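A.B. asks: Chain residues, written in single-letter form:
Protein chains: 6
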Amino acid sequence: MKICRRAIFNSAHRLFRAEWSDEKNLEVFGNCSHPNYHGHNYVLEVCLEGEVDPLTGFVMDLKDLKEIIREEVTERFDHRNLNLDCDEFASVIPTTENIASVIWDKLRKRIDQQYALEVILSETENNKVIYNGR
Amino acid sequence: MKICRRAIFNSAHRLFRAEWSDEKNLEVFGNCSHPNYHGHNYVLEVCLEGEVDPLTGFVMDLKDLKEIIREEVTERFDHRNLNLDCDEFASVIPTTENIASVIWDKLRKRIDQQYALEVILSETENNKVIYNGR
Amino acid sequence: MKICRRAIFNSAHRLFRAEWSDEKNLEVFGNCSHPNYHGHNYVLEVCLEGEVDPLTGFVMDLKDLKEIIREEVTERFDHRNLNLDCDEFASVIPTTENIASVIWDKLRKRIDQQYALEVILSETENNKVIYNGR
Amino acid sequence: MKICRRAIFNSAHRLFRAEWSDEKNLEVFGNCSHPNYHGHNYVLEVCLEGEVDPLTGFVMDLKDLKEIIREEVTERFDHRNLNLDCDEFASVIPTTENIASVIWDKLRKRIDQQYALEVILSETENNKVIYNGR
Amino acid sequence: MKICRRAIFNSAHRLFRAEWSDEKNLEVFGNCSHPNYHGHNYVLEVCLEGEVDPLTGFVMDLKDLKEIIREEVTERFDHRNLNLDCDEFASVIPTTENIASVIWDKLRKRIDQQYALEVILSETENNKVIYNGR
Amino acid sequence: MKICRRAIFNSAHRLFRAEWSDEKNLEVFGNCSHPNYHGHNYVLEVCLEGEVDPLTGFVMDLKDLKEIIREEVTERFDHRNLNLDCDEFASVIPTTENIASVIWDKLRKRIDQQYALEVILSETENNKVIYNGR
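Protein chains in written order, with the numbering used here: chain A, 1 to 134; chain B, 1001 to 1134; chain C, 2001 to 2134; chain D, 3001 to 3134; chain E, 4001 to 4134; chain F, 5001 to 5134.
If you are wondering where the hints come from, they were derived from the structure by calculation, not from laboratory data.
The model shown is predicted, which means the values in this text are computed figures rather than measured ones.
Note that beta-carbon positions come from the ideal geometry of N, C-alpha and C, so glycine has one too.
Possibly wrong hints are sitting among the right ones.
Taking lysine-lysine pairs in the BS3-like style, the calculated list, with each CA pair at most 30 Å apart, reads [said to hold, decoys possible]:
1. B:K1109 with A:K2
2. F:K5066 with B:K1002
3. C:K2002 with C:K2106
4. C:K2002 with D:K3024
5. E:K4002 with C:K2002
A few chain B positions that, by computed beta-carbon distances, are all more than 10 Å from chain F [unchecked claim]:
6. F1016
7. K1024
8. G1030
9. H1034
10. I1068
11. R1070
12. E1071
13. D1078
14. W1104
15. K1106
16. R1108
17. I1111
18. E1125
19. N1127
Given only the sequences and the hints, what does the whole structure look like? Please build it.
C.D. replies: Structural data, given as structure tokens:
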């Protein structure tokens, strides 16, 4: 049984590599490399796979999962600039792929190993990534 | 090839264990344990995996799948109180996990074994479960 | 300038008139009259029309509007049975129309008269009502 | 007859008044005042009201409206920092209200006066504003 | 009080004027003039404004409105070619504006004059029209 | 890591087998067999699974994927009649299953074999198929 919990965070970011020229950054990252940042309403789904507890009928109490997502993701990234405010992206470009990977790593440390973990992260209604740690 | 059909049912429910105190129920189930019930617009997706019939171009005729979902799920649960009206939840707490599991069992009996079966059930826009029988 | 804030509450309800027979209730209200209640994820939009404050750029601070909606609507109706738990519906049938009207009355007392007030309430993805007090 | 065309732009912004202290900005604008910006997927709907041309069956050719929206809104604001990159917000705080007002002014100059003009701008799935110039 | 009911119909259509050349049709209607038709999932919202009946709590019984929409709109237009199968569009180009206008006329004849009537018709997630008979 | 890109195309189609009688076609395909075609807003999600490039933080540049989808799918099927205009369906009934399969084959030829490929195609909000080539 897999359970999924949705959360949203609104962040600024920019895609660029400091060691590349502006031209090279523009060529690779397009207008996502714009120097003064832009932003998104990121929609996150966190999915856990595990056994249903016969006493509660829950795979995991969603109140607990909601609180872990708040502490690890929303409090850190919501209304923040991922490049400037978040150490996690000091040397990691905040592409949707990398943000999903960082979120997965953070959640993996907090969620019991009995659960398989998957994160789904949408940057826009047209783009999303799915990551399960492999 | 996997095909999915969506259906919606609107039900009342309550999460509680009769052998637990009210305090214990409140601690575990929060305001979902409220004695007079609350309710949801449940959104169900039923997914079948199988071969495409070369004559029809269908994995399964969705008219048939729609009818099976109506008979097994919508007619029984829509505009009903899951705890009071549905024998399926006489001794099973109607968490999203357990409702999905009950629906999977009902549909599994009606859908040919050539098809793998998965159900996705959303309780709110923030919570959903995915179950494939394992 | 009109601003709108969305909120969601999950409630049980039943449509019936005590002075009518069960047959009459069934005829008028269909399966919404089912005795053991059913429920919905109600989606509420609260819209205020007023002038933009040139200092803040706000018609109204949405943090304040969000808090008023929480106190007047969500805390009272979410995870509740509208018929049994909410005095507002002691002698008022909780149709979408009447729920919207009750919410409008509650909010109107809390929101400064400089603002025109409108509420939009969806019961399902197919049904909604819009009410502005007239 | 009213016609509406949707467009999306992804921008960074920050709400603050330079002449206010950081404390005052935080008190009024909350975490929207965070110094390093955050961002949103803004969803814009542009609605025109006018007569249907009996020859074309159009109020206005949506290809033309789409192009005007692209030139006036998307090209200027998408993947930009509203505070730093857009002169329109040099002395105007980029609240949803003010962004809608700026967009309305820009479009009003480009759209024939025979059409009434309204813009609907969503910042998140919970917040939106509606502006028709009055 | 305004109530709205949603319905969906899936139709083929083509935008062109028989008395115009293919070049002129292509210039005005773009790829919507393609000779072999294309199609859409049209999303219709029908809104009625009227008084709430104090006995039922309804502006109008939505079961009745649903049935009228089925008879007048869905049965005629769903899974049909608007140009070839529907007399309503024999001399009327099936633009979203004109389809909305035709639907409004049909419904107006069936819905009591005590109710103001508005139809909202979406052709795609980016385009919609709103028509109230004026 | 899996990345997904969404695209939409609006097409007419009809489900029928030329060697079957009209009665047989109606029995199997229902009103989807209607002779003059109907249509849909098809929503396509294309998902690639592969490694994240440590230099760019991308599994694949979505600008490239977007362009491949445009060339292979949108340009061919959007505002077209799948039965009449598209050779791909000369001897293949354009069911959602078969359209997804045709799209998968087209994209598979254009997308590097290092990526696993999956397509998700929705015909309506109630029906979709998922295909990964097996």
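A.B. asks: Check the non-interface label on G1030 (chain B): least C-beta distance to chain F beyond 10 Å or not.
C.D. replies: Holds, since 31 Å exceeds 10 Å.
A.B. asks: Check the non-interface label on H1034 (chain B): least C-beta distance to chain F beyond 10 Å or not.
C.D. replies: Consistent with the label, H1034 (chain B) stays out of reach of chain F, its closest Cβ about 32 Å off (over 10 Å).
A.B. asks: Quick check for students: does the CB of I1068 (chain B) sit more than 10 Å from each CB in chain F?
C.D. replies: The assertion about I1068 (chain B) holds, with a minimum of 14 Å to chain F.
A.B. asks: Confirm or reject: N1127 (chain B) is not an interface residue toward chain F, with every Cβ-Cβ distance exceeding 10 Å.
C.D. replies: 20 Å, holds
A.B. asks: For a C-alpha distance cap of 30 Å, please report whether K2002 (chain C) and K2106 (chain C) respect it.
C.D. replies: Holds, because 19 Å separates the two Cα atoms, which is no more than 30 Å.
A.B. asks: Test the statement that K1024 (chain B) is away from the interface with chain F: the closest C-beta pair must be farther apart than 10 Å.
C.D. replies: 41 Å, holds
A.B. asks: Could you grab the alpha-carbon distance between K4002 (chain E) and K2002 (chain C) and see if it respects the 30 Å cut-off?
C.D. replies: 18 Å, holds
A.B. asks: Would you say R1070 (chain B) is clear of chain F, with no C-beta pair closer than or equal to 10 Å?
C.D. replies: Non-interface label on R1070 (chain B) holds, nearest chain F Cβ at 13 Å vs cutoff 10 Å.
A.B. asks: When you check the alpha-carbon spacing of K1109 (chain B) and K2 (chain A), does it fall within 30 Å?
C.D. replies: With Cα atoms ~22 Å apart, K1109 (chain B) and K2 (chain A) stay inside 30 Å; holds.
A.B. asks: Taking C-beta pairs only, is K1106 (chain B) more than 10 Å away from all of chain F?
C.D. replies: 19 Å, holds
A.B. asks: Are K5066 (chain F) and K1002 (chain B) close enough, with their CA atoms no more than 30 Å apart?
C.D. replies: Holds, at roughly 24 Å.
A.B. asks: Is the nearest CB of chain F more than 10 Å from the CB of W1104 (chain B)?
C.D. replies: At about 18 Å from chain F, W1104 (chain B) clears the 10 Å cut-off, so the statement holds.
The structure meets every hint from the earlier list without exception.
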